Amino acid sequence: MQKRAVVTVVGKDQVGIISKVTTVLAEHKMNIHDISQTILQDYFTMMMIVEMENKDLLEDLLGAFEQVEDEMNLTISVQLEDVFQAMHRI
Amino acid sequence: MAIHYSEIQETIRMVQMESLDIRTVTMGISLRNCQDSDFEKVKTNVYDKIVSYAGQLKPVAEQVEKEYGIPIVNKRISITPIAEILGDLTVDQAVELAKVLDQAAEKTGVDFIGGYSALVHKGMTKADQTLLKSIPRALSETNRVCSSVSIGTTRTGINMDAVGQLGHVIKETAELTKDQDSIGCAKFVAFCNPVEDNPFMAGAFHGAGEGEAVLSVGVSGPGVVLNALKRYPEADLGEVADVIKKTVFKITRAGELLGRVVAERLNVPFGIMDLSLAPTNAMNDSVAEILEEIGLESVGTHGTIAALALMNDAVKKGGAMASSYVGGLSGAFIPVSEDNGMIRGIQDGSLTLDKLEAMTCVCSVGLDMIALNGDAPAETLSAIIADEAAIGMINKKTTAVRVIPVVGKNEGDMVEFGGLLGRAPIIGVKPFSSEKMIKRGGRIPAPLQALIN
Numbered sequence: 001m002q003k004r005a006v007v008t009v010v011g012k013d014q015v016g017i018i019s020k021v022t023t024v025l026a027e028h029k030m031n032i033h034d035i036s037q038t039i040l041q042d043y044f045t046m047m048m049i050v051e052m053e054n055k056d057l058l059e060d061l062l063g064a065f066e067q068v069e070d071e072m073n074l075t076i077s078v079q080l081e082d083v084f085q086a087m088h089r090i
Numbered sequence: 001m002a003i004h005y006s007e008i009q010e011t012i013r014m015v016q017m018e019s020l021d022i023r024t025v026t027m028g029i030s031l032r033n034c035q036d037s038d039f040e041k042v043k044t045n046v047y048d049k050i051v052s053y054a055g056q057l058k059p060v061a062e063q064v065e066k067e068y069g070i071p072i073v074n075k076r077i078s079i080t081p082i083a084e085i086l087g088d089l090t091v092d093q094a095v096e097l098a099k100v101l102d103q104a105a106e107k108t109g110v111d112f113i114g115g116y117s118a119l120v121h122k123g124m125t126k127a128d129q130t131l132l133k134s135i136p137r138a139l140s141e142t143n144r145v146c147s148s149v150s151i152g153t154t155r156t157g158i159n160m161d162a163v164g165q166l167g168h169v170i171k172e173t174a175e176l177t178k179d180q181d182s183i184g185c186a187k188f189v190a191f192c193n194p195v196e197d198n199p200f201m202a203g204a205f206h207g208a209g210e211g212e213a214v215l216s217v218g219v220s221g222p223g224v225v226l227n228a229l230k231r232y233p234e235a236d237l238g239e240v241a242d243v244i245k246k247t248v249f250k251i252t253r254a255g256e257l258l259g260r261v262v263a264e265r266l267n268v269p270f271g272i273m274d275l276s277l278a279p280t281n282a283m284n285d286s287v288a289e290i291l292e293e294i295g296l297e298s299v300g301t302h303g304t305i306a307a308l309a310l311m312n313d314a315v316k317k318g319g320a321m322a323s324s325y326v327g328g329l330s331g332a333f334i335p336v337s338e339d340n341g342m343i344r345g346i347q348d349g350s351l352t353l354d355k356l357e358a359m360t361c362v363c364s365v366g367l368d369m370i371a372l373n374g375d376a377p378a379e380t381l382s383a384i385i386a387d388e389a390a391i392g393m394i395n396k397k398t399t400a401v402r403v404i405p406v407v408g409k410n411e412g413d414m415v416e417f418g419g420l421l422g423r424a425p426i427i428g429v430k431p432f433s434s435e436k437m438i439k440r441g442g443r444i445p446a447p448l449q450a451l452i453n
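Protein chains in written order, with full-length UniProt numbering: chain U, 1 to 90; chain W, 1 to 453.
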């Protein structure tokens, strides 16, 4: 079964957030299905649904995101989509 | 169906800001086939079986929490009540077996292993007797072993001889661990109407009706419920119940999903979801604060029982719809040392031992993690157990006692147990003796199941 994950990015708005984050995804060959982004009182929030064919890449991906988090002072989380389905759909 | 932006935000807020977590995944393992006439062989059998079943529990659970982004705080093991495999072993050998359990727990990386237990609600076998005698040493000479004893059920009544003995077991355990604020007692529970599939410590054991191995999940989330209620300050109590129900539904669904994934990867059947709201000392992760949010100035004041009853029932209703297999203790825990609101209630004088006792009539378990003055007599501790057991027996529910008579401490002092066990103000017991009643011994007969007013 195809696995999808939700990537969320929160942090102070600055130049290059989307570029940095999507570069990491591209490097891990992860296709983005959906993307939405808003800015709320200077705070940047972005959510993406990405395809996650190979869960073994997760460790690597989290490591790479950690670097981006430190560099740009962001909080990035990656969660398999199933958990949202379970919590919000009967 | 597509997930909305606001739903994703809600889940992330629950995890990052409101301490949503899965409190425990607990693997139950049957040790019935580990018996042997050769004690050395028993030890090897027990160790090997636990390690072979639970060896991957911790790494798999950690991988799953990473993938789903929801922390699984504890990984634990419950085993067949150990008295059932003791046979003719001596007290020394029983303690040695406890050490083997401790080693197996350490090897698998779990924080607690529960089931150093005996079920003596009607009578005691020789092995049960050995186990009871060995409990103080087993708890003081190991780190991760938890013990429980069932001393009553609605169908059998209360074994007061066992209750009388447990007072001394607790005192002795406190004495043997007095250098660490009698922490040994925090790993011991006396039960009335225990359940066979409870994943929470210290009372977890793998009951007689269970299979070879099973994975059960204890979900948590007082912080999430508290924050949900804060968004409805003017709601009436029916709406309050509804908010709790909906919130618990979501928490439970997340817990069940993760539990099933862990079980599947470990190739063991999924057991049950325990829907208990288990507080921690983390900021706002408190059951007492939920009661205060419902409208009490301080937990323990008049109205506490009504608020707790409402909350406990709403938790069950929300959870029961979210999971196909609900079991364990399922309700709200009210441990004192692990709940900042409860601690404050005792310090402010609004919450007392008597009120806590009354609260156990409507919540999931019983007197939990309560520190008492160290010079409380054994008979008084037995009498506290008897009172709780009577509440459980008559109301057909599980009740339990986990009290810590802290050697050298008196009413008003504070003890720090550290970690998840938290800290607690010492509560003084009543100065009047219960000795004569406890010395009488015997059994309290099983109650009528009709004429129940």
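Check the hints yourself; a few may be wrong.
[Unchecked claim] Below, in silico cross-link-like pairs of lysine-lysine (DSSO-like), each with a Cα-Cα straight-line distance of 30 Å or less:
no.	chain 1	residue 1	chain 2	residue 2
1	W	Lys317	W	Lys439
2	U	Lys3	W	Lys230
3	W	Lys246	U	Lys20
4	U	Lys3	W	Lys246
5	W	Lys99	U	Lys3
6	U	Lys12	W	Lys178
[To be verified] Stretches of chain W that chain U covers, calculated by requiring three or more beta carbons in the stretch to come under 8 Å of a beta carbon on chain U:
no.	region
7	180-193
8	421-435
[What the hints assert, rightly or not] So, partial list: chain U residues that the calculated Cβ filter (under 10 Å) puts toward chain W:
no.	residue
9	Ile39
10	Gln41
11	Met47
12	Ala64
13	Gln67
14	Val68
15	Gln79
16	Ile90
Hint data in this document are derived by calculation from the structure and do not stem from the laboratory. Values in this document were obtained by computation on a predicted structure and should not be read as measured data. Ideal Cβ positions, reconstructed from N, Cα and C, are used throughout, including at glycine.
Taking the hints in turn, this is what the structure says about them:
1. With a CA separation close to 43 Å, the supplied pair Lys317 of chain W and Lys439 of chain W exceeds the 30 Å bound.
2. Proximity of Lys3 of chain U to Lys230 of chain W is assessed by CA-CA distance (about 35 Å); at most 30 Å being required, the pair is judged violated.
3. At roughly 38 Å between alpha-carbon atoms, Lys246 of chain W and Lys20 of chain U are farther apart than 30 Å, so this suggested pair is violated.
4. A distance of roughly 27 Å separates the Cα atoms of Lys3 of chain U and Lys246 of chain W; the hinted pair therefore holds under the 30 Å criterion.
5. In summary, the hint linking Lys99 of chain W to Lys3 of chain U is not supported, as the alpha carbons are separated by about 43 Å, beyond the 30 Å threshold.
6. Among the hinted pairs, Lys12 of chain U with Lys178 of chain W is inconsistent with the structure: their alpha-carbon atoms are about 51 Å apart, more than 30 Å.
7. Against chain U, the region 180-193 of chain W contributes 0 residues with a C-beta closer than 8 Å to a partner C-beta. That does not satisfy the three-residue criterion, and the hint is violated.
8. Restraint check on the region 421-435 of chain W versus chain U: 0 residues with Cβ-Cβ distances below 8 Å, three needed, restraint violated.
9. Checking Ile39 of chain U against chain W: minimum C-beta separation of about 14 Å lies over 10 Å; hint violated.
10. Residue-level restraint check for Gln41 of chain U is violated (minimum Cβ-Cβ distance to chain W is 15 Å; threshold 10 Å).
11. Restraint check, Met47 of chain U versus chain W: the minimum CB separation of about 6 Å is within 10 Å; hint holds.
12. Hint on Ala64 of chain U is violated. Least Cβ distance to chain W is approximately 14 Å, over the 10 Å limit.
13. Annotation: Gln67 of chain U was flagged as interfacial toward chain W, and the flag is violated, the nearest CB pair being 17 Å apart, outside 10 Å.
14. A hinted interface residue such as Val68 of chain U counts as satisfied when its beta carbon comes closer than 10 Å to some beta carbon of chain W; here the least separation is about 17 Å, so the hint is violated.
15. For Gln79 of chain U, the interface hint holds, since its Cβ comes within 10 Å of a Cβ in chain W; the closest pair sits about 3 Å apart.
16. Using the Cβ-Cβ criterion of 10 Å, the hint placing Ile90 of chain U at the interface with chain W is satisfied: the shortest such distance is roughly 9 Å.
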